[in-house]
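Chains A and B, in that order, are what the protein sequence lines are. Here the numbering used here runs 483 ahead of the position in the first sequence, where the first position is 1. Here the numbering used here runs 3 ahead of the position in the second sequence, where the first position is 1.
Hints in this document: simulated from the structure, not taken from any laboratory. No experiment lies behind these values; they were computed from the predicted model shown. Some clues are possibly wrong.
Unchecked claim - Below 20 Å or equal to it, Euclidean Cα-Cα: the simulated SDA-like pairs (lysine to any residue) are:
#1 A:Lys551 with B:Leu323
#2 A:Lys653 with B:Leu18
#3 A:Lys670 with B:Lys338
#4 A:Lys625 with B:Ala179
#5 A:Lys670 with B:Glu31
#6 A:Lys670 with B:His352
#7 A:Lys670 with B:Asp16
#8 A:Lys630 with A:Leu616
#9 A:Lys668 with B:Lys338
#10 A:Lys668 with B:Cys37
#11 A:Lys668 with B:Phe252
#12 A:Lys670 with B:Asp23
#13 B:Lys275 with B:Pro324
#14 A:Lys660 with B:Lys269
#15 B:Lys269 with B:Ala179
#16 A:Lys668 with B:Glu22
#17 A:Lys551 with B:Ser171
#18 A:Lys670 with B:Leu18
#19 A:Lys660 with B:Glu25
#20 A:Lys670 with B:Leu17
#21 A:Lys660 with B:Ser171
#22 B:Lys338 with B:Phe252
#23 A:Lys551 with B:Ala179
#24 A:Lys668 with B:Thr20
Here are the chains, one letter per residue:
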Amino acid sequence: MKYAYTLVTRDEPDVSEEEAKLVEAARANPAMFEPLYQRYVARIYRYFFFRVGREEDAADLTQQVFLKALNGLSGYRVQGVPFAAWLFRIAHHVASDTYRRRKESVSWDFVSDDDQLNSEVNPETIFLNQERLADLRQILTKLDPSKRELLALRFSAGLSLTEIALVIGKSHSAVKKQLTRTLQKLKEQMP
Amino acid sequence: MKEKQTLQETYNDLLNTWEDSELVQLVEELDTICTAPQPPASLHWAAINNQSVNWTSAPHRHVPVLLWAISSLRRQPMWRKAILVPSVLFLILATSAFAIFFPFLSNLLNFEPSTHKHRNDFTLINQSETIAGTTITLKAEAYADANQIVIGYTISSTKTDVRFGLISFTTRQGIALNQGVSVGTIIPNVGAFTFASFLDASSITGSPRMIALRLSAVTMQGGERTTTSRRGTSPKTLGTVVFNFSVPFHPGKVLTPNLHVMSSGKLATVEKVIVSPSATRMTIQGLGISQSSSLEGGLIAQVQLPGGTGKYDYMMAEFLPDGSVSFLYPYDWSKNPGIWTLTVQTKGHTWTFQFTVPA
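This is chain A alone, in the form it adopts within the complex (with noise of 0.2 Å):
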């Protein structure tokens, strides 16, 4: 697949450098990968668990991204694709294929509200917020998995507009209309 690679910086250009030379190191020596590891590590977590809703595959199909990662990085250039996005389309291709293999849908069985809750708030606000996101999860179970990826890859992972194009071989418009499009439908069938 060929993408038309046109880069936009994200919000922090230093990042990008420090991370370049990140990846130069680790390229010279495996066990330099560690820094990189730690920075994503939570993100691909995270995008997977979104993905297949169960923890322990999801720290299964994590450590798989990262052996291919550290296998693959010889083939990664810092000129080319930014390396979240080659290390997010890695992930992308996994639950590509985990996905073709198992087609099972997504229950959330594990996910805690305990974290994300604020003692500060009144028990009434906490209870509706809770009830709010168990109906926000329902919806997201029969959501369409293409539509699933997108919101995954932006919110669970964290990926900009334009790496998200990169990740899936689209443009970054395309990305954000279909996006902006999910968003109105989740809105709409939200209670």
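Starting from the known structure of chain A, arrange chain B on it as the hints suggest.
Structure of chain B alone, referenced to chain A:
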């Protein structure tokens, strides 16, 4: 939930307006749901680092019966099955003394059934190196022939918080050896790493008397992720410890039958057969099957030996750049001369080859 300003900064490229309160609330809730999950304690760099040893350049593999039996205990994705062996063996070793590590290598080496038949041919290695003031010891048994280099090894340190990762095997000249399968275990709180590696030796040409090998391991100290802390601490890298050693090379029999068989209009050729004590490797051209399609449609390549009624399936199939497929059988068939029968099946095709293996 995030403060509104932080939320706006995070999703500024997504929303054209922040006036739609329902949409803003939805974004806020999606952010809450998506950023809440935290990686479990089992996910940490050391685990990735160590597992990368097992899976570097790993081709498509068929998992032996032992692993299937273990994996059936608990549903696991395919790629983790070989890693399950270390997990199970760890349970045995965790309660045992350091002294049993070396005898334990025999069990790991017997992962491939061919090994026990020629254990007397293995070379013993016992070396120590010092890195950053820490003594690292390698105890190993190694064997090399035309199919595989088999190394069972324990790397240990006198310091219990020293760990090893990114272990690689190269020739003394630095040429990387393709790792086939590695099985073993990592012993936390003891500072030992016990593995058996079955390396692809098919790229070795000629009949050298000895093979000069180098084992390199990145050595780290400290840094643990605990179940109570999600962040943990990073290990300090002490450097890369390097062990050089040589093992005798056993050439084996290399046949080039160039045997052609047609099946439903598709011509397949047995190009090369390497028979040696560590394994038998057969390279077939013309099957017209890719790695991904073999996973979907099935790929069978069974061998029947002279005078035998049983059929042996391959353990690993490697899809080579020239389109051929190399099948590895982890059995010692070096003393089975006569007419061998190989039956290969893909979706819609069956080829049966017969060729003579000399004494």
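Each hint, compared with the structure:
no. : hint                   : result
1   : A:Lys551 with B:Leu323 : holds (19 Å)
2   : A:Lys653 with B:Leu18  : holds (19 Å)
3   : A:Lys670 with B:Lys338 : violated (72 Å)
4   : A:Lys625 with B:Ala179 : violated (47 Å)
5   : A:Lys670 with B:Glu31  : holds (12 Å)
6   : A:Lys670 with B:His352 : violated (53 Å)
7   : A:Lys670 with B:Asp16  : holds (18 Å)
8   : A:Lys630 with A:Leu616 : holds (18 Å)
9   : A:Lys668 with B:Lys338 : violated (69 Å)
10  : A:Lys668 with B:Cys37  : holds (18 Å)
11  : A:Lys668 with B:Phe252 : violated (67 Å)
12  : A:Lys670 with B:Asp23  : holds (10 Å)
13  : B:Lys275 with B:Pro324 : holds (16 Å)
14  : A:Lys660 with B:Lys269 : violated (48 Å)
15  : B:Lys269 with B:Ala179 : violated (36 Å)
16  : A:Lys668 with B:Glu22  : holds (17 Å)
17  : A:Lys551 with B:Ser171 : holds (16 Å)
18  : A:Lys670 with B:Leu18  : holds (13 Å)
19  : A:Lys660 with B:Glu25  : holds (19 Å)
20  : A:Lys670 with B:Leu17  : holds (15 Å)
21  : A:Lys660 with B:Ser171 : violated (47 Å)
22  : B:Lys338 with B:Phe252 : holds (18 Å)
23  : A:Lys551 with B:Ala179 : holds (18 Å)
24  : A:Lys668 with B:Thr20  : holds (17 Å)
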